[in-house]
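Throw the hints in and build the complete structure from the sequences for me.
Number of protein chains: 2
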Amino acid sequence: MQNWENVYAARTDRIKSSAIRELLKLSQQPDVISFAGGLPAAEVFPVDLIKKAVNVVLETNSDVALQYGTTEGYTPLRKVIKKSNEKYNINFDIDNIMITAGGQQALDLIGKVFINPGDKVLVEAPTYLGALQAWNTYGAEYVCIPNDEHGMMVDQLEKLLSSDIKLIYALPNFQNPTGVTLSFERRKILIELAEKYNVPIIEDDPYGRLRYEGEHLPPLYSISGQNNNEYNGNVIYMSSFSKILSPGFRLAWMIAPKDVISKLVQAKQGTDLHTGTFSQVVAYEVCKDDFLNEHIKNVCRVYNDRRNVMLDTLCEHMPDRVSWSHPEGGLFLWVKLPDEMDTEAIFPAAVDEKVAYVPGSAFFADGSGHNAMRLNFSYAQPEQINEGINRLSKVIKKYI
Amino acid sequence: MQNWENVYAARTDRIKSSAIRELLKLSQQPDVISFAGGLPAAEVFPVDLIKKAVNVVLETNSDVALQYGTTEGYTPLRKVIKKSNEKYNINFDIDNIMITAGGQQALDLIGKVFINPGDKVLVEAPTYLGALQAWNTYGAEYVCIPNDEHGMMVDQLEKLLSSDIKLIYALPNFQNPTGVTLSFERRKILIELAEKYNVPIIEDDPYGRLRYEGEHLPPLYSISGQNNNEYNGNVIYMSSFSKILSPGFRLAWMIAPKDVISKLVQAKQGTDLHTGTFSQVVAYEVCKDDFLNEHIKNVCRVYNDRRNVMLDTLCEHMPDRVSWSHPEGGLFLWVKLPDEMDTEAIFPAAVDEKVAYVPGSAFFADGSGHNAMRLNFSYAQPEQINEGINRLSKVIKKYI
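Order-wise, the sequence lines are chains A and B. Okay, so the first sequence: first residue is 9 according to the numbering used here, each after it adds one. Okay, so the second sequence: first residue is 9 according to the numbering used here, each after it adds one.
You can't tell identical chains apart in this list, so a pair holds if it fits in one copy or across any two.
Here are the simulated DSS-like pairs of lysine-lysine, each with C-alpha atoms no more than 27 Å apart in a straight line: (1) K296 <-> K59; (2) K24 <-> K174; (3) K95 <-> K196; (4) K128 <-> K24; (5) K296 <-> K60; (6) K87 <-> K33; (7) K60 <-> K90; (8) K266 <-> K33; (9) K296 <-> K266.
Everything labelled a hint here was simulated from the structure, so no lab data went into it.
Spelled out as structure tokens, the structure:
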């Protein structure tokens, strides 16, 4: 009988179910109010419009929608994304964009094309867990740079960049997990130093369009590039339909210099041939008449309400010595308990109280963050948020 | 300005657009009759049923269909596949199956989980090009075993297996590219030797249900396993919805021992989180009432006609010293020209005659196969097949 453990590749030592994932399974009971996921609200899915679009697609374009497609992605959809990005100061040619099966695949392809075993990636501390998962497989090592309420603390950047960093990974808008936004001044410093040390930046921006207050800031992609002719910047930009339309379509995009897109496309070919044509053609049909702009306003209204309820309820219920971020957009906020507390240790007690979160240590490449937690405010409805924060504050008060 | 070439990982040296892919671009003109693709016929897509299914899904289950899903795949769909596999002697528990984004992703995940740089994979010569593309990235080396009209020549197997082979890759039914089927006797020998040398088999079976003549043969998966309790066999089985329903859904599945599935699921999590929920829920709705069995009969009728037209026209037009396989199912047949001929060299002449194929060398890990070509008979309509083979024979006659 085969002993499969003996057949696995060495890299699988780094592909593991985390302790935190096991913890989170505890919270999958129907009466638990979970702030742990990163799910959009089902209430904002434009179901009727999608239904209409699917019927049009199947009546007029089924030969394309049900057939194999190109690895770069469905060209009409790429054009729609191009147009919609122009509103956010991101200008590029059609050969600068490819469609991926969600943002996670974009991260995987970046790992595949750029990361040699032992390469150092500069990540924020905390950072998006899924990027670490994607790049662990390719043998990435991590160098951490801390965040404060204005994002990555770029005053520490130059020292770190002098130590042979391969890539910088940045989530400038309403960062997952903290909800903080990188200030304009810091964006400029980040670009300047990345160019000085010749280190490319991966700009991960799934939430940038979900802003509930303040002004939109220019993306790293356009601060770096001149945008006159061929893109000559130092940034690979990625964003997604998951938070602004539907994660069930598994559609995201990457924007990069043409040669880089061409290499990423070749890598994608061996990875999954292409992203689902059916989803792409339906998403095109939904979005082609500039639907997203109006839709995003609606999504922002709903999430802004939920964010405000969470912020208000935190103010009302949380004991002294507990602090939290004030996200101007996105899906998450970040709660810090006193240093001596451990959010992993009190997690079972929270589940006993029927409330769940993600312990902060999940988001630190260096294993710190034991006294923090990530709360999602997009999925639960306002009254549940109110009740859930109430429950959570009881648990914290008990252990503080 | 960034010199991106300097930032790529070493593995990208093996991620390249092939010369043949560049050649094939020549054939993308509307008046070229192409036998080069591996596309199902759009005529057999069950468009009306899919439309009905999508409307049901969006009316009753949109919260699930448009939301994030689990990495293992949508459980009702996994159950439907389980039931449909039982007809083909493949029995397993729900924990033995996962959904992937097409068969190509299954190959990528196998590479990620099993292949260390330098590991030797035994592949048929010729074999499926996409497997080589997927595994090149992970540093696979290939050991080739030739095919004849009964599939892999297993009399050469024992000698090859004694040289530290990590995995065996087999396409037992209507193999891509040759169309040949591995005989039952050879299946038993393959399993026996793989077990003796303790080398797992990857059984790739996207075409097995598309049989136009002869009897269904038991898959390697069930010849190897005892199927009484826990699967104790030596085979990872994979198949796909692409050829029996729609490739645009990007849905395939892998069946393997539970621990192996669990490791593959962890790898998939970092790769793309999960396969598109929308496609999965729609496919479930389409297939839940045993639709596929009837539908496959219809697909087989259409493809059998086209295969017969191709076989008849080859007989009628091809000069002496040209031979071809007689596939009992699937999408492809394999044409051999005299040894001194080179199908890559005459490809431009074929395109001038407005007909295209894939040169045989694309499918050989060792670069041989210069005198062969793969022809697809599922996509072009019968009258086009007739005309296309006529054109092709003219080219061959000119150069023979």
